[in-house]
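Asker: Spelled out from the first residue to the last, the chains are:
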Amino acid sequence: MYWSYFPSLAMEQMEQNLKNLLGDWGLGERTRSFPLVNLAEDDEQYILAAEMPGIKKEQVKVTVREGVLTLSGERDAGFDEEKVTLIREERSYGKFEKALRLPAKVDENKVKATFENGILTVVLPKAEEAKPKTIAINVN
Amino acid sequence: MEVKSMSNELEKREKKEVASATAEQMTGTSQSYLPDTDIYETENELVFLLDLPGVGKGNAKIEVNENNILVVRAQNTHKNSENLSLRQFPVGDYFRAFSLGDDLDKDKVSANLENGLLEIRIPKKEEAKPKRIAINA
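As given, the protein sequences belong to chains S and A, one line each in that order. In terms of the numbering used here, the first sequence has 136 at position 136, counting the first letter as 1, and numbering is strictly consecutive. In terms of the numbering used here, the second sequence has 13 at position 13, counting the first letter as 1, and numbering is strictly consecutive.
Just to be clear, a hint being listed does not mean it is correct.
Stated by the list, open to error - The calculated lysine to any residue pairs, modelled on SDA-like cross-linking and capped at a C-alpha distance of 20 Å, are: (1) S:LYS112 / S:SER33; (2) S:LYS112 / A:HIS78; (3) S:LYS57 / A:ASN112; (4) S:LYS131 / A:ASN112.
Claimed, not checked - Covered, in the sense of this in silico footprint (three residues per stretch, anywhere, with C-beta under 8 Å from a C-beta of chain S), are these stretches of chain A: (5) 34 to 41; (6) 49 to 60; (7) 82 to 90; (8) 105 to 118; (9) 122 to 134.
It should be emphasised that the hints constitute simulated quantities derived from the structure, not laboratory data. Note that the structure is predicted; figures quoted are calculated from it, not measured. For every residue, glycine included, the Cβ atom is placed at its ideal position computed from N, Cα and C.
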């Protein structure tokens, strides 16, 4: 299996909204594009979390280039399909690549990634010019 | 033949068991989700692979009850950040149950949790393993 995903964040969100609207968010229902991601934003930074169970941190590549965050790598099945009898197959595996265009400029040199219990977290500080500014109002 | 019957058994009974078991006490107060699961069989054992992202060592409970149901409960310690602008996965605990065939040795269940992937191995009873029959010339 091979995934290739290059949607913009807006497109991805639109697709997700549609799925939510259609009720594809019930108990146990999971969307299929791997890895699933959640993106949070505040004034200072973006925080992306990606579900990657069963992947070792050496198997994931995180890059940020020209405002596009890309997660790529490969997930092993954990067994040899030729040698076993599959009774149920719900997990997806193989090569994956997922790219997200970030809505605002980030400081690409300060991006940090951590990996814990199969969840990748990427913290992307916003570039100075993308942070909201408080304008002082002079009162005479 | 053996394989087929075991697989049918799982397919047939799983839904019911999950439905009746959901009334039981969960690991936490939050909503529980069904983890994606692969099941495969070899000559000697049945293996379950469950995706449990966010679950660390010591936070998954596995039991085989008196009705031969394998029950997995796991506590997710990952917390979603506030102000999500894109939300593709919900965060919550995990629960899933599977009915086991009689040919499995439930006293020898072993499990390993690594990087959010739980692997459960249940060996077959000796009498359920395929036997090679010598052919006399």
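Asker: All the hints need checking, so say for each whether the structure fits it.
Answerer: Structure-based check of each hint:
1. In summary, the hint linking LYS112 (chain S) to SER33 (chain S) is not supported, as the alpha carbons are separated by about 24 Å, beyond the 20 Å threshold.
2. For the hint pairing LYS112 (chain S) with HIS78 (chain A), the CA-to-CA distance comes to about 18 Å; that is within 20 Å, so the pair holds.
3. Restraint check: the Cα-Cα separation between LYS57 (chain S) and ASN112 (chain A) comes to about 18 Å, which is no more than 20 Å; the hinted pair holds.
4. Of the supplied pair hints, the one linking LYS131 (chain S) and ASN112 (chain A) is violated, its CA atoms being roughly 44 Å apart against a limit of 20 Å.
5. Closer than 8 Å: that is the beta-carbon criterion, and the segment 34 to 41 of chain A has 7 residues meeting it against chain S, so the requirement of 3 holds.
6. Residues of the segment 49 to 60 of chain A with a Cβ under 8 Å from some Cβ of chain S number 7, which satisfies the need for three, so the listed coverage holds.
7. Interface restraint, the segment 82 to 90 of chain A with chain S: holds (9 residues with C-beta to C-beta distance below 8 Å; minimum three).
8. For a cut-off of 8 Å, the count of residues in the segment 105 to 118 of chain A with a CB near a CB of chain S stands at 4, and the three-residue condition holds.
9. With 0 residues having a beta carbon nearer than 8 Å to a beta carbon of chain S, the segment 122 to 134 of chain A misses the requirement of three or more and the stated coverage is violated.
Of the numbered hints stated above, those contradicted by the structure are hints 1, 4 and 9, listed in ascending order.
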